[in-house]
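All chains, please: the whole structure from these sequences, using the hints.
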Amino acid sequence: MNALGDTKQAKATVPPVRVSLRRMTMRRRETLTAFFSLAPAFLLMAVLIWYPLATAVYHSFTQWDGLQTMWIGLQNY
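The sequence shown begins at 53 in the numbering used here and counts up one residue at a time.
Simulated from the structure, these hints should not be mistaken for laboratory data. Glycine is no exception: its CB is placed at the ideal position from the N, C-alpha and C atoms. A hint or two may mislead.
As the list claims (entries may be wrong) - Using C-beta positions, here's what the derived DEER-type ranges look like:
#1 L126 <-> R75: 17 to 25 Å
#2 N128 <-> F88: 40 to 48 Å
#3 L84 <-> L119: 27 to 35 Å
#4 W102 <-> I124: 21 to 29 Å
#5 T77 <-> L119: 56 to 64 Å
#6 D117 <-> R81: 52 to 60 Å
#7 M76 <-> M122: 54 to 62 Å
#8 L84 <-> Q61: 43 to 51 Å
#9 P104 <-> Y129: 14 to 22 Å
Structure, rendered in structure tokens:
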């Protein structure tokens, strides 16, 4: 007992933070590893497949005379 009265000690429970931080760090590492492993494949697909496909679709709607392109829409079809 002191001048302020009885004081009770609060029981502090500390959650296991280390385990969750370790799991989070491991999960983040696995995610980054997967991302950097797949990034070159997606980059190659973008360069070798998606870009030529998109430009082919665009050029199919134009008429090109060697110097200029003119938008003609569906007249090529």
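To see whether the hints hold, each was checked on the structure:
no.: 1; hint: L126 <-> R75: 17 to 25 Å; verdict: violated (56 Å)
no.: 2; hint: N128 <-> F88: 40 to 48 Å; verdict: holds (42 Å)
no.: 3; hint: L84 <-> L119: 27 to 35 Å; verdict: violated (48 Å)
no.: 4; hint: W102 <-> I124: 21 to 29 Å; verdict: holds (24 Å)
no.: 5; hint: T77 <-> L119: 56 to 64 Å; verdict: holds (58 Å)
no.: 6; hint: D117 <-> R81: 52 to 60 Å; verdict: holds (55 Å)
no.: 7; hint: M76 <-> M122: 54 to 62 Å; verdict: holds (57 Å)
no.: 8; hint: L84 <-> Q61: 43 to 51 Å; verdict: holds (44 Å)
no.: 9; hint: P104 <-> Y129: 14 to 22 Å; verdict: holds (20 Å)
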